[in-house]
Amino acid sequence: MRPIRWIADNAHSLRGFAARVHRRTEHLPRLPFGVALGAAILLLVVAIETGPDRDSAVTEVDELSLLDGDEESQRFESEYSTVPASLEIVEFGFGRVTDPQGVERLGLGAVIRNPQDSIVMPSTLAVVGTDEEGATFTLERVYLDFIPAGASVPVGYMLLARAGDIDESTLDLVAEDVYMWDPPAGTSSAGSNLYSIEERSRGRAEIDMVDVEPLFSPEGYRITYRVEAAEDFGYQETLKIAIVFRDGEGAIIGGMPGWGDPFGGGDMVGYRSVPPGISIQYLDLPLEYIPDGADLNRIEIGPGV
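Just remember that this note's numbering sits 8 ahead of the position in the sequence shown, which is counted from 1.
A few of these clues could be false.
Stated by the list, open to error - Simulated DEER-style distance windows between Cβ atoms: (1) 91 / 294: 24 to 34 Å; (2) 269 / 98: 25 to 35 Å; (3) 225 / 158: 23 to 33 Å; (4) 227 / 89: 46 to 56 Å; (5) 301 / 138: 17 to 27 Å; (6) 258 / 147: 17 to 27 Å; (7) 90 / 230: 39 to 49 Å.
Derived by calculation from the structure, the hints in this document are not laboratory data.
C-beta: ideal position from N, C-alpha, C; glycine also.
Whenever a hint applies, use it, and build me the whole structure from the sequences.
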């Protein structure tokens, strides 16, 4: 029996050796993986050596300057240049009214004139006052629209600040940032594809008072007025309505925008659209919106700024 045992022991030893070799080599890459890895490395080397020239793939471009602007922008700057100008504040006044929340507010009414022979670009009116120590401060700024050459125009505005203890008799108006259009000699807007501010000036609508009648609910007055807008425009024209209040002696005692919420603020308060040609429009004024002492027969309404 000894030879058979020897053969079994040797077979067992060989199986153990084979198992140990298998455990140590099973984590090593198999032959197909090694072949694939070698092929990939070879292809990478060939691609690097024979690929396109990196310098030839670079495209040269001209440097563009944002400061130069396009041709249209340069044309606008040359044809629509401006120079410092002035505005004449003909008369103004303030009046106390009450807003829907019961708060006292100050309404500004004014008439300003453009003494230049060229249109004045959008500018600013500063409402300034003097404090107890004599120092000047700016209470608020009113932003104006274009003012035609030689024109006198009304301003109706409601100050955003509460009236409180403000002494309106100490307030003053100062024109700021006033510039007029200064086209080069011989420049004409005819044929220009830019919006002509000359046309904007010439096409200014005309407004005339028609009637003032009482309202009972809510208590107040209805202002009826006639608007004549340029018919050759052929579309709804947007204009700013301004109301100026005067007392029995003709002095200005306040004003307000003539369309929208006069106490709401914003750039579009007072602006409304009217059809071309002649139309009849109206505005309802609650009694609280009219300053004390206002003569209803002297109310002025017009295309303001």
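Status of each hint after checking the structure:
The given range of 24 to 34 Å is broken by residue 91 and residue 294, whose C-beta atoms sit roughly 44 Å from each other. Distance hint check for residue 269 and residue 98: the Cβ-Cβ separation is about 28 Å, which falls inside the suggested range of 25 to 35 Å. Taking 23 to 33 Å as the suggested C-beta distance range, the pair residue 225 and residue 158 does not conform, at roughly 44 Å. Restraint check, residue 227 to residue 89: a C-beta distance of roughly 52 Å satisfies the suggested window 46 to 56 Å.
In this structure the hint that residue 301 and residue 138 lie 17 to 27 Å apart at CB holds, the actual value being about 24 Å. Between residue 258 and residue 147 the beta carbons are some 26 Å apart, a value that agrees with the proposed interval 17 to 27 Å. For residue 90 and residue 230, the hinted distance range of 39 to 49 Å is satisfied, since their beta carbons lie about 41 Å from each other.
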